[in-house]
Structures are given as C-alpha cells and as structure tokens.
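Protein chains: 2
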Amino acid sequence: MRKILVIGSGKSTSYLLKYLLDKSASEKLFITVGDIHTDTAKKLIGNHENAETIILDIFNEIDRKKAIKNADIVISMLPVSLHIQVAKDCILFGKSMVTASYISSEMQALDAEAKARNLIFMNEIGVDPGIDHMSAMQVLNRIRDDGGKVILFESFTGGLIAPESDNNLWNYKFTWNPRNVVIAGQGGAAKFLQEGTYKYIPYHRLFRRTEFLEVEAFGQFEIYANRDSLKYQSVYGLDSIRTLYRGTIRRVGFSRAWNIFVNLGMTDDSYTIDDSENMSYRDFVNAFLPYSPSDSVELKLRYQLKIDQDDIVWEKLIELDIFNAQKPVGLKKATPAQILQKILMDSWTLDKTDKDMIVMYHKFGYEKDGKTYQIDSNMVVLGDDQTYTAMAKTVGLPVAIATLAILNGKIKTPGVQIPITKEVYTPILKELETFGIQFKEKEVPYLGYNSLNN
Amino acid sequence: MRKILVIGSGKSTSYLLKYLLDKSASEKLFITVGDIHTDTAKKLIGNHENAETIILDIFNEIDRKKAIKNADIVISMLPVSLHIQVAKDCILFGKSMVTASYISSEMQALDAEAKARNLIFMNEIGVDPGIDHMSAMQVLNRIRDDGGKVILFESFTGGLIAPESDNNLWNYKFTWNPRNVVIAGQGGAAKFLQEGTYKYIPYHRLFRRTEFLEVEAFGQFEIYANRDSLKYQSVYGLDSIRTLYRGTIRRVGFSRAWNIFVNLGMTDDSYTIDDSENMSYRDFVNAFLPYSPSDSVELKLRYQLKIDQDDIVWEKLIELDIFNAQKPVGLKKATPAQILQKILMDSWTLDKTDKDMIVMYHKFGYEKDGKTYQIDSNMVVLGDDQTYTAMAKTVGLPVAIATLAILNGKIKTPGVQIPITKEVYTPILKELETFGIQFKEKEVPYLGYNSLNN
Numbered sequence: 020m021r022k023i024l025v026i027g028s029g030k031s032t033s034y035l036l037k038y039l040l041d042k043s044a045s046e047k048l049f050i051t052v053g054d055i056h057t058d059t060a061k062k063l064i065g066n067h068e069n070a071e072t073i074i075l076d077i078f079n080e081i082d083r084k085k086a087i088k089n090a091d092i093v094i095s096m097l098p099v100s101l102h103i104q105v106a107k108d109c110i111l112f113g114k115s116m117v118t119a120s121y122i123s124s125e126m127q128a129l130d131a132e133a134k135a136r137n138l139i140f141m142n143e144i145g146v147d148p149g150i151d152h153m154s155a156m157q158v159l160n161r162i163r164d165d166g167g168k169v170i171l172f173e174s175f176t177g178g179l180i181a182p183e184s185d186n187n188l189w190n191y192k193f194t195w196n197p198r199n200v201v202i203a204g205q206g207g208a209a210k211f212l213q214e215g216t217y218k219y220i221p222y223h224r225l226f227r228r229t230e231f232l233e234v235e236a237f238g239q240f241e242i243y244a245n246r247d248s249l250k251y252q253s254v255y256g257l258d259s260i261r262t263l264y265r266g267t268i269r270r271v272g273f274s275r276a277w278n279i280f281v282n283l284g285m286t287d288d289s290y291t292i293d294d295s296e297n298m299s300y301r302d303f304v305n306a307f308l309p310y311s312p313s314d315s316v317e318l319k320l321r322y323q324l325k326i327d328q329d330d331i332v333w334e335k336l337i338e339l340d341i342f343n344a345q346k347p348v349g350l351k352k353a354t355p356a357q358i359l360q361k362i363l364m365d366s367w368t369l370d371k372t373d374k375d376m377i378v379m380y381h382k383f384g385y386e387k388d389g390k391t392y393q394i395d396s397n398m399v400v401l402g403d404d405q406t407y408t409a410m411a412k413t414v415g416l417p418v419a420i421a422t423l424a425i426l427n428g429k430i431k432t433p434g435v436q437i438p439i440t441k442e443v444y445t446p447i448l449k450e451l452e453t454f455g456i457q458f459k460e461k462e463v464p465y466l467g468y469n470s471l472n473n
Numbered sequence: 020m021r022k023i024l025v026i027g028s029g030k031s032t033s034y035l036l037k038y039l040l041d042k043s044a045s046e047k048l049f050i051t052v053g054d055i056h057t058d059t060a061k062k063l064i065g066n067h068e069n070a071e072t073i074i075l076d077i078f079n080e081i082d083r084k085k086a087i088k089n090a091d092i093v094i095s096m097l098p099v100s101l102h103i104q105v106a107k108d109c110i111l112f113g114k115s116m117v118t119a120s121y122i123s124s125e126m127q128a129l130d131a132e133a134k135a136r137n138l139i140f141m142n143e144i145g146v147d148p149g150i151d152h153m154s155a156m157q158v159l160n161r162i163r164d165d166g167g168k169v170i171l172f173e174s175f176t177g178g179l180i181a182p183e184s185d186n187n188l189w190n191y192k193f194t195w196n197p198r199n200v201v202i203a204g205q206g207g208a209a210k211f212l213q214e215g216t217y218k219y220i221p222y223h224r225l226f227r228r229t230e231f232l233e234v235e236a237f238g239q240f241e242i243y244a245n246r247d248s249l250k251y252q253s254v255y256g257l258d259s260i261r262t263l264y265r266g267t268i269r270r271v272g273f274s275r276a277w278n279i280f281v282n283l284g285m286t287d288d289s290y291t292i293d294d295s296e297n298m299s300y301r302d303f304v305n306a307f308l309p310y311s312p313s314d315s316v317e318l319k320l321r322y323q324l325k326i327d328q329d330d331i332v333w334e335k336l337i338e339l340d341i342f343n344a345q346k347p348v349g350l351k352k353a354t355p356a357q358i359l360q361k362i363l364m365d366s367w368t369l370d371k372t373d374k375d376m377i378v379m380y381h382k383f384g385y386e387k388d389g390k391t392y393q394i395d396s397n398m399v400v401l402g403d404d405q406t407y408t409a410m411a412k413t414v415g416l417p418v419a420i421a422t423l424a425i426l427n428g429k430i431k432t433p434g435v436q437i438p439i440t441k442e443v444y445t446p447i448l449k450e451l452e453t454f455g456i457q458f459k460e461k462e463v464p465y466l467g468y469n470s471l472n473n
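Chains as they are written, first to last, in my numbering: chain A, 20 to 473; chain B, 20 to 473.
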C-alpha cells in the first residue's frame, strides 16, 4: 500500500478524499487524515478499510514528524501560513507534497533543497489558483505552438450561488470564507495592462470599474479587477502582451451595491470601534454618517451617496436589514469589516439545500499571419450539496489527481512548482473532464479591450 | 550672556531668530545657529554681534555633544524624527529644550529623566500644534473655572494664501510642505465625536464631508476632518464632552475638486509607477481611467466621475494643465502622490510677492445653570513677505517666547510637556498679542452639531 497523509480536513476535502478512497483498491492506497478535530474526516471516510483518521496537532513537532515520516506523500490542506512547517519536514524525510495554496516566499526558498532530493512540491493546484493556471496555459501554449502571438489574456473566476438557490437581491451567498469576501480588493490599487498601458484602480473605485460577461446558459455576470493582474505575466510567458487583466466574477449589480459599503467605510479592517458591542445594526450604519438632530439614518445615507428613491440598490440594503435598531451587533471591539461580515452572514449564509457554483472564464486574443483572433473559454461547475460543493470539487480533485500522478511517476520534474507545464496540466485536465470539470471554447471576433463593449 | 543654541535654520526660523536677536541686548542672550547649511541663518543674522552660525551635522556625535554642552538652552527646529538625539544629549548635559513638533514616544519616554534633572522639554509650541493648544486651553479653563461644563469643542487651522495673493481657482498655494498637502488625511479613517456618538470617515469620503465656516472680514472657508480628533480629549480634560472635532481649513470648493484626485487614486503614495519617467501629465491622468480606442481622456474622466460640463471643478483641473500631453512627468519610478505633487507645484508655488495666511478657529459649547452657550474664537495672521511669513511668525514666536520664559524662570515645571498649563500659556498668549497674534471672541447661540447648518 502507498501511504498518503492528508493534513487538515476542512470544507474542501470531501471530493479529495472521495477520489482517493475510490481509487484506493485499484491503486493500492492507504489514506491517513490528520486534524485536531477528526469528526468531519470520520464522516467522510465512514468505514472505508483503506483509510484512517488521526488526531494531529500541527504544532506538536513529535506527532507531526512521526506522521510525515510514515507517509509516502503528503497533502497539506492547512491554511497557507501553516504549510511551511510541513514542507520542512517533507524535505527532512524526503517526501513529495501537494497544496492548493499560493506559494509563500518561505515555500519558494525550499526549491533548491526539493530539487536536490528529487522531491515534487506542487502548489496552487486547486481551482483559483489551480484550474485557472492549467486551463489558461493549455490554450496559451496551443496558440503559441501553432505560431500565434498572444496579445490579450483576461481571466476571471467566481465562487457563486447556483441558479436554483439564487434567491436574494444580491444574487450572492457565502459559499466560501466570508471574511475574504468582505475585505476583497483591499491593500492597494488594482494594477493591470490594457492595450499596452498600465492601469490603476484604487480600492474605493474598484467596484465601479466592472466589466460584463455573458456565459451561455447562465446569463450575465460582472467582474471587478484583482489586486495584481500582472503576477503571472512572466510565468505564463506573456512579457510582451498588450492586455492582461484578471478579475473576480459576481452577478450583475452586486458591485454597485457593494460599493455603498466600501464608500461608507464599512469594509475597513484597520481599526476597531470601541463601543461596537452595544451598537445596533442601525448605530453601525450611523457611525459613518454625520450627526443630525432630526434626519433619519436612511435619508442621511441616501443624501451622502446620492441614492435615488427608486434605485434598486436601496432594496438590497433593506434586504440585509442594516437599518434595524433592535438587532445588536454584539461583537466586542470589532472592526467595521467584522461587523459588516456579521450583518451579511444573517442574510448570505447558505440554507441546507443551497448549492454553490464555480464560474471561470478566459479570453485569449492573438495575432497570426497578420490577422487577429480571439478564443473565449469558460467552465461552470455546480455543487451537488453542501458537502460535495463545486468549490470542494474544483479545489480537491486537482489536488487528489496530482497526488496520485506524482505517486505513479507521471509527474516527475522535481522542485517547488505550480501546474503550468504540459507534463502536469495535460493529464490532470483530461481526468478532470471525466468529472464534468471541462471548458467550453468558442472563437469570437477580436475586439481588443473596450471599456464599454467588453 | 545666556547661550541659546538653535539647531536647524529652515523656513520657520526667521521670526524666531528676529525675536531672540531683538531681545539679545536687554536679556543678555547669545544665539548660536547650527545647521549643515548656514546660508539661510547667515542672512537672517546679518552682522548681529550677539549671534553666530556654526556648521553642525546632527549625525556627528562629537560636534553635536560639544554644541549642546556649551549652550544654556537648546531649540530644535529639526524634522520631528531628529529631535530625539538632541533630547538625549540635553538630558546628558542638563539642558532644557524647546521644539514645535509633536511628542514622539521616544521623547515621551524621557519624561522621568527630565523631571529628575529638573529640565523642561517643551514640545508642540508652534502654531498647530502650539497656539491651538494654548488658545483652546485658555478658554476651556476659563469656562470651567466659571462653573461651566464644556459639551462641544471644534478646532480648525489652515495654512493658506493671503487674500491679496489669492489668484487661482483653487484659492490655494503651497505655503508649507507640499508633500504633506498631497498625502493629507491618508492612513486610516478620520475619527471624531458628534453629540455623543463616534463618527468615522474613510479617506475617500474625507473631502466630501466638509463643514463651512465664516470668518469676519475674510469670508467663507471649509473644513475637512483631521485623522484623530480625539487625540487630546483626555489631555484637555474633555472626557465627557459630546462633540469633539478638529479639522483643516481650506477655501470653499477646494475639497470638492481635490476629491477628484483622491477618487482617481492620484494621491496614493504606496506604490510606484514603473514608466513614470516617460509619462506626460496626460498619460498620468489616463493611467487611472479605462482604455478606449477612441474616447478622450477628458471624456473618460468626466464620465467616470460624473462631472457635468458646466461644473466649476472642471476649470480647476484645466488650470492645473493636467491634460497636457507635452509636459513630461520626468520623475523616475515615482508614486502617484509624487507625480501629482510635481504637477501641482507648477501652479501652486508662491510667486515672489505672494503672502501667506494662517487661520485658526475654535468653537466652545458649554452648559451653565441649565442653559447652553457657545463662544467662537478665531485668529487670522497674514505674512509680511516670503521670509517673514505668517507660518514662520506663528511657529517661531511661541518657540522663542517659551525659550526666554524658561531661561528667565517664568516657566518652571519640569518634564516632557506641551503648552496646556496656565503657567505656560498665560504669559505666552499675552506676549503674542503684542505681535498681532490674537484671537477675536464672540458669543453665538449654541446650536449643537448640525450637519447642514454648521
């Protein structure tokens, strides 16, 4: 039996474990899931003969080293900041390792040691990052192999609510970490390339500079820019590209309404409000509006942000019940972002029967033989239920498939890496298709970037 | 002769030195001005027999210690970050010290040692901070001594252009450090108290939440909130106050136009633009607007910020020549804030004959015998020329007067301090009046805070 150690059994491990368990007999796998709390893992594993759970505290060095030493390969599904200790032990005991997280500088620093010991440290192999890398590189390389020169690449991903569960005015629910949604886009101006020119959008304008998108059978979406669209420019081999833009997908209208919170200052996570515990939702809103002895919080907000009385964004605010003077915030010394998150969780938490949806969309513009072309490529994955979500499927399956491919010697190149080589993405994308994770491509006229038409 | 060492001879030392030189014979003073560059100091001193300049590099420990050891009292007009080494030497050699800067935590940490050696470390005794502390505390204490309970305190200061030199559409020129103007308000939400409620304004709303102000004989002004209006709440003894607001004064209309730069992201100082050296002013503006194959930068800006064609803010932008495609930015890897500063300096640099103006305005609301009252108090100081500016006068004179008062034993209480005790502010405010630095008070009806009327 080949022994796979999975550290961490959070939301995104359901499909990961299912895949490995389903293959365990034919591939001779034994899976050990280690976590401080093993309840979730126990449910997912059931009575499967080729798997076990162990209580594993990642900060307990003896237990951690023992578990890693005993494995043939390690999957770390821990939060990104906790991978590094696992990685160092993997170097120590000569084990390859797989994560779905962005490569930290500490992880990158292990590259030489990993190569020296012929170990594969595969990272960023979830959905975003992960499937975005693989699906983009497959088309980019195909265009280039065919003699084309890539001049435009736009790439968008969104974790959304499935159409059948989409029943609020925001067309949004928390299908993943709510905190990341509340603070999305903060930390500096968004930077990208449009027709050869660097463009910058400050945070407070980010949700007013959206683009639109049509996905066949799923309707219209909108996109706001990611912080750094240029992060993978060189890695993808796009140094001479003219337009490079990456973004996050929401349903149309989300961003304009969300911008009200940004504009008021409610998404700020940099200071705490002293008396937040005793505030009502209404008091919270009022903290961002001038005092008035007579005017209502509602009128002050409408006036400050110039919201017409028949504007649909107003209904979105009402739906969240943010003007309620009876509902207590109930959080001690909380930041505005923490309070807003709590208010949103009242309305945007999934119902038991709700299903999620992952949407990914790429645009590839290229020149060949003096003509311009464009390929649009999109993927939509729907969740089955709240255990087997689209998020868990698109994050967990690439991790699981990559792990088995490494064990079986199909992925051979050692080092700290992300899935951008043909060796890695070709077999993984092919197998993902058998699980319904596939891209639809179509040729469209190349229009270049156009702020109003795109 | 009593020896006064003045370290640093920047813009704000003209009146400081004039005061000390004028008193040098009667008060038996000898003034030594130390700086790396002594040209400015030499011009200000001329051939005065009771003064000298020395070349002093503050980072040269031997020279610094020698100069401080040789003095009876030290005035540091250095940038705030450089006071601490002077202060430590003053502790070492037993000299009192005066600065116009905010107390740093390192400076505050010397309090016990200063007290043990019976030394006075007087700080924040320029104009803002300085005259604001003294003039506010004088009225606050008078109200309290008279049995009143202070319920509102608002305090505003502005360094502006004098009416006779006010000849641009922004009614503003750089009379002080341009960089501080460009990045003003950044670093976190503005916080203040209105009628017992904490209020917060994010940076990108700061210049749209202004208040108005009328100063007799000088017309209308507007105010935007300082970062932390509550900094001196306890120090001033205002823990139970209902409204506490501090702000910066501009002419009406400045903030609305300035907000265009904030909104676009042009005041951001947190990242650099790679190709800034080769940009024109027009390219710089365009970096914050979407690409278009046809639309002009002007139309894109109007559209993005919804600026009507007959809106006066547009003329203000035109006056700054920001759409000029010929004018090069010419700064290597500059931040947006640095580039904007350069553009503004083309238009807002003082002409040789221009004069500056300092405006300060306090509102004191209080209750007494069941009734409410309000006192408004304001000071306007005009500069004489570009050496003897209103800024140099209001910063330098309090420093100089305090220094002499310490030498003469009129200010006795040792320790690291700011000028908020009667012992300090009473004689200084009285003497400032003889230089035309005086407050006009009037009683007005107490209206409380009202967002539209205030």
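Some clues are possibly wrong.
[To be verified] Quick list of the computed label-pair ranges, beta carbon to beta carbon:
hint, chain 1, residue 1, chain 2, residue 2, range
1, B, Gly207, A, Ile74, 38 to 46 Å
2, A, Ile326, B, Lys134, 53 to 61 Å
3, B, Glu235, A, Pro312, 25 to 33 Å
4, A, Ile337, B, Glu125, 15 to 23 Å
5, A, Asn427, B, Pro312, 49 to 57 Å
6, A, Asp365, B, Gly206, 30 to 38 Å
7, A, Asp294, B, Ile55, 31 to 39 Å
8, B, Gly389, A, Asp365, 22 to 30 Å
[Said to hold, decoys possible] Here are the simulated DMTMM-like pairs of lysine to aspartate or glutamate, each with C-alpha atoms no more than 25 Å apart in a straight line:
hint, chain 1, residue 1, chain 2, residue 2
9, B, Lys319, A, Asp327
10, B, Lys30, B, Glu183
11, B, Lys250, A, Asp294
12, A, Lys250, B, Asp302
13, A, Lys351, B, Asp247
14, B, Lys351, A, Asp293
15, B, Lys352, A, Asp247
16, A, Lys441, A, Asp258
17, B, Lys250, A, Asp302
18, A, Lys37, A, Asp76
19, B, Lys250, A, Glu296
Hints listed in this document are in silico derivations from the structure and should not be mistaken for laboratory results.
Even glycine gets a Cβ: it sits at the ideal position worked out from N, Cα and C.
Unmet hints by their number, sorted upward, for this structure:
4, 7, 8 and 14
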